[in-house]
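Quick note: the sequence shown, position 15, residue 15 per full-length UniProt numbering, numbers continuous.
No lab work stands behind these hints, which were simulated from the structure alone.
Among these hints, one or two may not hold up.
[As the list claims (entries may be wrong)] Subject to a maximum C-alpha distance of 30 Å in a straight line, what follows is the list of computed DSSO-like cross-link-like pairs (lysine-lysine):
{"#": "1", "residue 1": "K74", "residue 2": "K100"}
{"#": "2", "residue 1": "K80", "residue 2": "K113"}
{"#": "3", "residue 1": "K74", "residue 2": "K113"}
{"#": "4", "residue 1": "K105", "residue 2": "K80"}
{"#": "5", "residue 1": "K100", "residue 2": "K113"}
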Amino acid sequence: MSTRFDATVTDGVATDTPVVVYTDGACSGNPGPGGWAALLRWRDQERELTGAEAHTTNNIMELQAVIAALEALKRPSRIKLHTDSRYVMDGITRWIHGWKRNGWKTADRKPVKNLELWQRLDRARALHHIEWCWVRGHSGDPDNERVDALARAAVVRVP
Numbered sequence: 001m002s003t004r005f006d007a008t009v010t011d012g013v014a015t016d017t018p019v020v021v022y023t024d025g026a027c028s029g030n031p032g033p034g035g036w037a038a039l040l041r042w043r044d045q046e047r048e049l050t051g052a053e054a055h056t057t058n059n060i061m062e063l064q065a066v067i068a069a070l071e072a073l074k075r076p077s078r079i080k081l082h083t084d085s086r087y088v089m090d091g092i093t094r095w096i097h098g099w100k101r102n103g104w105k106t107a108d109r110k111p112v113k114n115l116e117l118w119q120r121l122d123r124a125r126a127l128h129h130i131e132w133c134w135v136r137g138h139s140g141d142p143d144n145e146r147v148d149a150l151a152r153a154a155v156v157r158v159p
């Protein structure tokens, strides 16, 4: 099976049905073993992605889930991306502009944590038209609950 998700493209960007994406990260301890998951849905196609690391943080797993989802797309796409992570949501929609302007330093001039992942996410998002949607975790949203369960299951598989 291909590691990329294919959505129809017109003029370089998917213009009809957006790819709906849900992402989540989980950690057993923080730091500790962690897992991430993403659900991609476009029309009648659906794909789950998961991964894990033996020693990581919840924030890293949240970032990794979003990056993996965006990098799985074969072409520039319209995306409606759901995350329950305020860290990811605020970081990519608000904080990143100041970080870049300040040479990847925070407002108090400290280096941005998880810099390589933020830069990778910044590159991946530049290829797409993304509507960022925050969803409250554990609030009964079926797709958010699904990726939460997948991320937690990935943690269990860490050796």
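Quick rundown of the hints versus the structure:
| no. | hint | result |
| --- | --- | --- |
| 1 | K74 with K100 | 27 Å, holds |
| 2 | K80 with K113 | 26 Å, holds |
| 3 | K74 with K113 | 29 Å, holds |
| 4 | K105 with K80 | 29 Å, holds |
| 5 | K100 with K113 | 13 Å, holds |
Comparing the model with each numbered hint stated earlier shows that all of them hold.
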